[in-house]
Amino acid sequence: MVDRMEKRRVTIVATLRNSIGAVVIVGIALAALVVLSLLLSATPLKTLRYFFLGPLQNTYYFGNMLNMAIPLIFGGLGVSLAMRSGSFNLGGEGQLYSGAFVATISALALARWGSAGVVVALFLGACTGGLLAGLSGVLRMKWNTSELITSFLVSNAVVLVVSYLIAGPFMDPATNLIATRMIPESFRFTRILEPSNLSSALFAAVIAVLVVHLYLYKTKSGYELRLFGLNPRFAAYGGIRTKWYQVWPMFLSGAFYGLAGGMAIFGTYYACMKEFSTGMGWNGLAVALIARHRPAAVIPAALFFAYIESGARNAMLHSDVTFEIASIVQSVVFFLVTSAVLQKIGSVQRRSI
Amino acid sequence: MRKGSVLALVLVAMLLASSVSIFAAGSTEQVPAQQKSLSVLVYITGVMAGSPPYTALAEGAQEFAAANENVTVKIYEAGFNQAQWEEQLTSLVATGEYDVVLGSNPSLPEICERVGAKFPKQKFIITDAQKAGNSQLRTYLYNQYEQSLYLGYLAGLVTTSSMKHANSALKIGFIAAQEYPLLNKHMVPGFLAGARMVNPAIELDFRIVGNWFDANKAADLASSMKTAGVDVFAAIAGGAAQGLFKVAQEQGAYIVYHNTNEYKAAPGYVVGCGSMEQKKLVKEILVEVLAGTVQYGTASVVGAKEGYLGFFFDDPAYAANLPADIRTKFEAFMADVQAGKIAYTLPPL
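Protein sequence lines, in the order shown, are assigned to chains A and B. In terms of my numbering, the first sequence opens at residue 1 and continues consecutively. In terms of my numbering, the second sequence opens at residue 1 and continues consecutively.
Simulated from the structure, these hints should not be mistaken for laboratory data. Bear in mind the structure is a predicted one, so any value in this text is a computation, not a measurement. Using N, Cα and C, we set each Cβ at its ideal position, and we do this for glycine too. Accuracy of the hints is not assured; some may be wrong.
Quick look at which bits of chain B chain A covers, simulated, 3 or more residues with Cβ under 8 Å [said to hold, decoys possible]:
hint	region
1	50-61
2	95-107
Restraint ranges, calculated between C-beta atoms of paired labels, are given here [stated by the list, open to error]:
hint	chain 1	residue 1	chain 2	residue 2	range
3	B	Asn199	A	Arg191	55 to 65 Å
4	B	Glu110	A	Gly114	21 to 31 Å
5	B	Ala66	A	Val211	26 to 36 Å
6	B	Gln251	A	Ile207	53 to 63 Å
7	A	Asn144	B	Gly79	37 to 47 Å
8	B	Ser37	A	Leu148	55 to 65 Å
9	A	Ile207	B	Glu110	27 to 37 Å
10	B	Asn81	A	Asn144	35 to 45 Å
11	B	Lys341	A	Arg191	49 to 59 Å
12	A	Ser327	B	Lys341	52 to 62 Å
13	A	Pro173	B	Val47	24 to 34 Å
14	A	Asn144	B	Lys164	52 to 62 Å
Examples of chain B residues lying across from chain A (beta carbon under 10 Å, computed) [stated by the list, open to error]:
hint	residue
15	Trp85
16	Glu86
17	Gln88
18	Leu92
19	Asp205
20	Ile208
21	Gly268
Just need the whole structure built from these sequences, with the hints factored in.
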């Protein structure tokens with residue numbers, strides 16, 4: 001009994017120490033925001049007030065902030081899965097966009113299917129993202145190409161193709177927006193905090209975090225994936241199918257991105273607009289880096305990113321700063337999360353799977 | 001915990017503490033009391049830079065506010081991501097700070113209808129768009145069929161002329177950033193109809209760039225069209241039109257341009273520019289708003305006859321770039337358009 005308590009205490013302390021780097025990064029990013037506001041705004045106090053308090057000032061802004069975090073959670077989970085296996089998925093932009101597009105046209109085609117149609121459409125969207133990322137895994141397995149490069153290049157090409165399809169054959173002729181037709185009402189997720197855009201997709205995101213956590217830490221396949229990520233040679237020596245784990249985690253990673261796209265359409269936008277998801281893929285990557293590839297930490301990391309974006313939008317709405325200030329803060333976060341020195345502050349020097 | 005970690009944590013805590021104290025101070029900041037009788041939100045669906053119609057919209061409102069102390073104007077640029085337009089507009093309207101939202105984009109009425117459903121007291125006035133029957137919405141549609149008709153007529157005169165870069169093929173071109181109802185139903189048909197008033201055998205080569213910024217792709221399209229026999233172009237392509245200006249100068253082709261004065265974009269090759277009196281319309285709208293005489297729920301079409309569409313005759317480039325016989329015919333045609341003597345049927349949107 002005492003041993004178990006001691007083990008739990010050690011685990012909690014280790015987790016807290018491992019989080020110090022992320023706290024430092026967040027702190028520096030927020031400090032950068034304060035400095036930028038003082039430099040760029042004629043009314044810095046007003047700007048900072050709206051930046052920090054804006055997202056929390058009413059249910060509309062708060063709900064939208066949570067809603068903004070949903071695709072980031074899915075994207076962060078996707079990147080975390082790939083990174084746990086030692087792979088790097090840089091194709092989130094294309095995987096999310098194509099997943100959203102396929103989910104949308106599937107919903108339009110399966111309009112009469114009702115709830116089953118929602119599941120099928122989301123599944124097809126996820127598969128689309130998964131196949132795109134999985135392709136990079138296959139290329140790595142077959143010819144040892146860098147999945148970091150191939151996923152990025154494939155994604156860039158796919159974004160153009162999807163944009164063409166939205167602006168061309170699948171464009172809704174009745175609207176002046178560059179968008180597909182709207183999905184049927186029966187396919188739309190329930191709004192749970194009116195008048196904000198927050199939908200029941202939030203629950204799906206939380207469930208996804210639980211599922212990924214259980215998969216990674218409570219299943220044999222998850223254990224093998226993490227072992228392969230830490231040491232592929234040792235994994236091979238232990239009889240693990242290493243070729244499989246060059247492809248499968250990439251597929252899962254892309255599938256989560258594809259699912260993020262589908263969720264964004266079914267929960268928020270209801271139609272796939274051209275380039276609606278620009279930046280979501282990269283932000284998912286940053287979320288995973290802040291969370292240090294731990295599924296449970298993806299939620300606070302995504303909330304932080306959504307808070308930054310929502311705060312910047314509020315500051316822009318109510319004061320004199322432009323939206324670029326949010327981009328600068330996000331850039332600072334991006335820059336810092338790649339800093340090994342900051343990431344390792346306070347961390348326990350023990351590698352565990 | 002290591003010494004470095006402790007120092008880093010202390011540093012972050014100090015920075016956060018300073019920021020908290022700052023924003024706490026900000027929370028007591030008082031906005032000076034003002035007597036606002038009219039608060040206007042100018043909602044730009046994109047950015048003003050590089051967009052004369054949006055610039056005119058904002059400037060018109062600002063100039064009106066400068067002349068009326070009781071009018072305040074906020075300009076908001078919503079950026080190019082269409083998916084975020086509705087949420088941003090909702091956020092602004094939710095503040096309840098604006099008596100009226102002023103915008104200019106064909107897609108805005110559908111967005112305003114959805115936002116207006118959540119905020120039934122909010123009023124919207126949109127130019128370059130058409131939607132009747134919603135009591136929160138007033139729209140003014142520029143008669144782009146008409147402008148395209150007279151610019152098409154000019155294109156027809158040029159392509160059938162003996163000007164240096166005019167060829168024997170009876171073919172004119174239209175490059176668009178994207179397809180949308182106003183373009184497909186008014187601008188492109190109007191342009192061709194105008195050209196065919198000169199010669200019914202004239203054909204139109206219509207191409208799509210796919211976005212509003214890819215000048216290289218627009219240049220590729222223009223080059224391909226030029227090879228196919230097009231010698232006079234029109235473009236509704238935003239920044240991408242720079243590619244057309246480049247090709248026109250390098251390969252020799254003429255351009256007629258909608259809405260703004262672009263003679264200097266390709267000197268000697270832009271032979272005609274239509275005008276859109278956005279600033280004038282905005283000021284007239286705001287006079288009505290101030291007087292409380294706006295007829296919400298109605299939609300108007302404004303064109304050359306009403307004085308909201310025209311042509312830049314007074315630019316020296318116009319006379320320099322076109323031979324006298326073409327100018328004479330075109331000016332006579334324009335006079336007829338402005339007098340309402342040219343018969344045409346405005347297609348429904």
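Cβ separation of lysine 341 (chain B) and arginine 191 (chain A), checked against the hinted range 49 to 59 Å: holds (54 Å)
Between the beta carbons of serine 37 (chain B) and leucine 148 (chain A), is the distance compatible with 55 to 65 Å? At 59 Å between Cβs, range holds.
Using the C-beta atoms of isoleucine 207 (chain A) and glutamate 110 (chain B), is the stated range 27 to 37 Å upheld? Taking Cβ atoms as reference, isoleucine 207 (chain A) and glutamate 110 (chain B) lie about 34 Å apart, which means the hint holds.
Cβ contact check, 8 Å cutoff: the region 95-107 of chain B against chain A, three residues minimum: This one holds; 4 residues, not fewer than the three required, reach chain A with a Cβ under 8 Å.
Tryptophan 85 (chain B) was flagged as interface toward chain A. Is the shortest Cβ-Cβ separation under 10 Å? Constraint on tryptophan 85 (chain B) satisfied, holds at 8 Å.
Taking the beta carbons of proline 173 (chain A) and valine 47 (chain B), is their distance inside 24 to 34 Å? holds (27 Å)
Do glutamine 251 (chain B) and isoleucine 207 (chain A) keep their Cβ atoms within the hinted range of 53 to 63 Å? holds (59 Å)
That 55 to 65 Å hint for asparagine 199 (chain B) and arginine 191 (chain A) (C-beta), does it hold up? holds (57 Å)
Hint validity - glutamate 86 (chain B) Cβ closer than 10 Å to any chain A Cβ: Since chain A brings a Cβ to about 9 Å from glutamate 86 (chain B), closer than 10 Å, the hint holds.
State, for the Cβ atoms of asparagine 144 (chain A) and glycine 79 (chain B), whether the hinted interval 37 to 47 Å holds or is violated. holds (41 Å)
Hint check, glutamine 88 (chain B) versus chain A [nearest Cβ-Cβ separation less than 10 Å]: It holds, given that the least Cβ distance between glutamine 88 (chain B) and chain A is near 7 Å, below 10 Å.
Against chain A, does the region 50-61 of chain B show at least 3 residues with beta-carbon separation below 8 Å? Violated - the region 50-61 of chain B has 0 residues with a Cβ nearer than 8 Å to chain A, which falls short of three.
In terms of the numbered hints stated before, the structure departs from hints 1, 5, 19 and 21, listed from lowest to highest.
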